[in-house]
Amino acid sequence: MTVESTAAARKPRRASKRASATKKPQSSEPQLVQLLTPEGERVQHPEYDIDLSADELRGLYRDMVLTRRFDSEATALQRQGELGLWASLLGQEAAQIGSGRALRDDDYVFPTYREHGVAWCRGVDPTNLLGMFRGVNHGGWDPTTNNFHLYTIVIGSQTLHATGYAMGVAKDGADSAVIAYFGDGASSQGDVAESFTFSAVYNAPVVFFCQNNQWAISEPTERQTRVPLYQRAQGFGFPGVRVDGNDVLACLAVTRSALERARRGEGPTLVEAFTYRMGAHTTSDDPTKYRHDDERAAWEAKDPILRLRTYLEAEGHADEAFFTSLDEESDVLAKRVREAVRAMPDPEDMAMFDHVYADGHSLVDEERAQFAAYQASFAEEGN
Amino acid sequence: MAVQKLPLAKALNESLRKALETDPKVLIMGEDVGKLGGVFRITDGLQKDFGEDRVIDTPLAESGIVGTAIGLALRGYRPVVEIQFDGFVFPAYDQIVTQLAKMHARALGKIKLPVVIRIPYGGGIGAVEHHSESPEALFAHVAGLKVVSPSNSSDAYWMLQQAIQSDDPVIFFEPKRRYWDKSEVDTEAIPGPLHAARVAQPGSDVTLAAYGPMVKVCLEAAAAAAEEGKSVEVLDLRSMSPIDFDTIQTSVEKTGRLVVVHEAPVFYGSGAEIAARITERCFYHLEAPVLRVGGFHAPYPPARLEEEYLPGLDRVLDAVDRSLAY
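Each protein sequence line maps, in turn, to chains H and U. Numbering-wise, the first sequence is residues 1 to 383 according to my numbering. Numbering-wise, the second sequence is residues 1 to 326 according to my numbering.
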């Protein structure tokens, strides 16, 4: 028998194996914690009930609407050439606002690069988020002002920073908590697994908030895991819970519970917010190449903003004046963001040498001086 | 007792003890650093005296060790991390290069990352694969990191404390085959700057520039050359990032000749950087091209071959002769 014929003989068997490997495991659709159905009906959950005033409910709605408007404005600014790139959060507003509003001021947040809604909840001026996407800095805000760390682009790295920070919180005897955001793609990274290990063995007060938005650029969740992501936690020795990521009330309740658990010294929790990235991964991505329109349509029916609006209206918690006023506020925000981006100055030439080191470095000093002299030589020629 | 003769390893141990005593924010982290006191016993006895909360045994995960150290630094601690051996640093390389080195700049200086990463490095102890490498150039190439290596007990004692006090991340390469070499430490002296080179042996005919484990070899070479009537100046660079080019320049302007010696492969190594910059600075003073002696562009060899791979007395003296022959 030749090598070729052996391969040919094996081919069908391999193909059938591969087919079964891409099939979704049955256990991938576990019960989600849900407090508000896609139809906008309030439902109860035995573990995660929550009692919010009409004012608080309107506040969550406002956060989601303004965040979405900020996001769509940023996408538009990218299309107009004002930003080099934008990572849209469209569809993930409930996961971010729900978890973000569960935080206390003294909690500390380690985001990835899509947590515009969480940044909003922390009081970070949204225009600050745009510097890195416009190309004028690599982050730029002071993380300690709002306890909101810089965006992290390398996938999953920040989960370890969050764990270390939480270890420090515990050493300090503080009762604050730390939250690390990451996506379903990052769950495949070694750093995320190592952060689970470290947080478990040191009982660190950290909440891992995974926004499973179903797609890591073009790779589906099935390419990242064979078990539902929240179940990973069990193997590391801490609880995991899957929450409806398009239900802002459930995200708030589940995150609040996980943070309280961390504060009580009971260690980490993994929250998997089951949600959907309705837009592209970033403005450089083309999701039409790898996913069907009907998938997005199915998720649009679960839209986090529409369902809360339905509920607010049905319960009489918000009147038309509220919605009109919010539309106006959105327009004002969009205008402010647009103007701020266009007015954002390019950094000075010499800025690239700033803050390379805290204590200075002779090579940086030397190269700064050389480059300054070089730049100055042009100025002199022009005179 | 201010002045004592200590093995380099013990000087590091005393230095860490002093740092833990001086600053309650200093933490030691790493694999086996607690009860065992580290595989080279550099942290011996520290957990017993400072507790498991200050001297922290970690899971066996290098990226996790450095990544959590970054988080602890953001919380205001000053972690001193031990990577067990040079070749084991690479799982943490991503955290060091993409996170630790850049975070201060990304925050426009608003946050500091005072993390020290101690790495026992280099060959000559007959170890197995991944236990004898000299990856210092890979770190020195990265803006945001500082890279140093002591060659004697006094520098081990003082440079480590200075690295811990620095607000920048410092990669602290420990010459593991010198751990057991004894020399004097004055614990009450006022140390020189962390990144200044030192003239270890004055001379007038040719300059040898080295750091870490190769300083001793170069001093031996200078002594051997002296018997042949050649006056060799030996520089202990101490710091690979930044490099104290002024001290090298002063020496080369005097001798007119420079040989750079390190264990790491010569190709793209720190010797290349020194040769290029000194050629720029001292072109009209040089009597010969800057020569380099170091490892080969090959994986670090099995222990039975390492004596051939590592620059020894003869290869250094050969380079001195070649330089003087121009």
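Warning: the hint list may mix true and false statements.
Unchecked claim - If you want the footprint, here are the derived chain H segments under chain U, 3+ residues with CB under 8 angstroms: (1) 37-48; (2) 137-148; (3) 160-172; (4) 197-205.
Source of the hints: derived by calculation from the structure; they are not laboratory data. Even for Gly, the Cβ is constructed at its ideal location relative to N, Cα and C.
Going down the list of hints, with the structure as the test:
1. 37-48: violated (count 0)
2. 137-148: holds (count 8)
3. 160-172: holds (count 12)
4. 197-205: holds (count 3)
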